[in-house]
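Residue numbers (numbering that gives the first Met the number 0), protein chains in the order written: chain H, 0 to 149; chain B, 0 to 149.
A portion of the hints provided could be inaccurate.
Same chains, same names: a pair is fine if it fits in one copy or spans any two.
Taking lysine to aspartate or glutamate and the EDC-like style, the derived pairs with C-alpha atoms no more than 20 Å apart in a straight line are [what the hints assert, rightly or not]:
1. K54 to D42
2. K61 to E73
3. K115 to E21
4. K54 to E124
5. K85 to E147
6. K103 to D19
7. K46 to D134
8. K115 to D19
9. K54 to D86
10. K54 to E21
11. K115 to D149
12. K106 to E73
13. K115 to E29
14. K85 to E101
15. K106 to D79
16. K85 to D42
To be clear, the hints were calculated from the coordinates, so they are not data collected in a lab.
2 protein chains.
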Amino acid sequence: MTEPTLGNNIVTQVGIIVRDIEIKARAWSEILGLPMPNIIITDTVDKTQAEYNGKPTTARAKLAFFHTGQVTIELIEPIDGPSTWKDQLDQHSDSLHHIAFEIKGMKEKIAYLDSKGVPLVQRGEYTGGRYAYLDGGAQLGTVLELLEND
Amino acid sequence: MTEPTLGNNIVTQVGIIVRDIEIKARAWSEILGLPMPNIIITDTVDKTQAEYNGKPTTARAKLAFFHTGQVTIELIEPIDGPSTWKDQLDQHSDSLHHIAFEIKGMKEKIAYLDSKGVPLVQRGEYTGGRYAYLDGGAQLGTVLELLEND
Chain H
0 MTEPTLGNNI VTQVGIIVRD IEIKARAWSE ILGLPMPNII ITDTVDKTQA EYNGKPTTAR
60 AKLAFFHTGQ VTIELIEPID GPSTWKDQLD QHSDSLHHIA FEIKGMKEKI AYLDSKGVPL
120 VQRGEYTGGR YAYLDGGAQL GTVLELLEND
Chain B
0 MTEPTLGNNI VTQVGIIVRD IEIKARAWSE ILGLPMPNII ITDTVDKTQA EYNGKPTTAR
60 AKLAFFHTGQ VTIELIEPID GPSTWKDQLD QHSDSLHHIA FEIKGMKEKI AYLDSKGVPL
120 VQRGEYTGGR YAYLDGGAQL GTVLELLEND
């Protein structure tokens, strides 16, 4: 067995794209018996420095998180500019979008995955860290998200 | 906070539908640095008693499992008859399919979810337990799988 090449194989988040986050968050809350989470909006591009397909994007999203043990269920409603979130909603309607791993060394991990045919599609900063989505569709059958918290 | 109504909110599995499980399993193995798993084939319908949309189905699947902490990543290649797996492959190509919860009391949990607008679409037996897929697309944005191990 070789060493894990992302440095971490533990799935910590599952992301779901939704058209109406208020309705979906209420349904998750009711069905799982969890408190209704706050719905937050991602920062503006001057803070996130978001890039989609290598270009700056004004994409933002409404987010809601359900914390259930090791895995956080993340609901994502895309708003504004082009994004992997909006693409998926347009092409597949409400649906599972990604699984996430927490890593250290974002630049190196992105380069590693790119070398394996899993290219970067979107990235951005948030308070205390950064994220990247990598299109694993061809190799893995899913988008991967990398999360690096400082 | 109300009591969790499935009795368990811990995500234990993420399922991915793939067209060619050999190729995808090798990619997951290489990229995550995990051993190549055995690829198994689900039992025949006389053992699984599988039903899809309320009718018996000859649906089977090739399966591969990557165990990564609390969450198992399950690759599923549909074969043979009609199934939720084949529907998703036909409609969305390789893609995330479900998140799974382990529960007790399958009949009651299916009835509970049905009462919340999350209907049963497929069920079956396996050695030591049973599974059910419930179509949470409209309410939750994803298929849920319930797993009950005896």
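Provide an ascending list of the numbers of those earlier hints which the structure does not satisfy.
Result: hints 5, 6, 7, 10, 11, 12, 14, 15 break, sorted rising.
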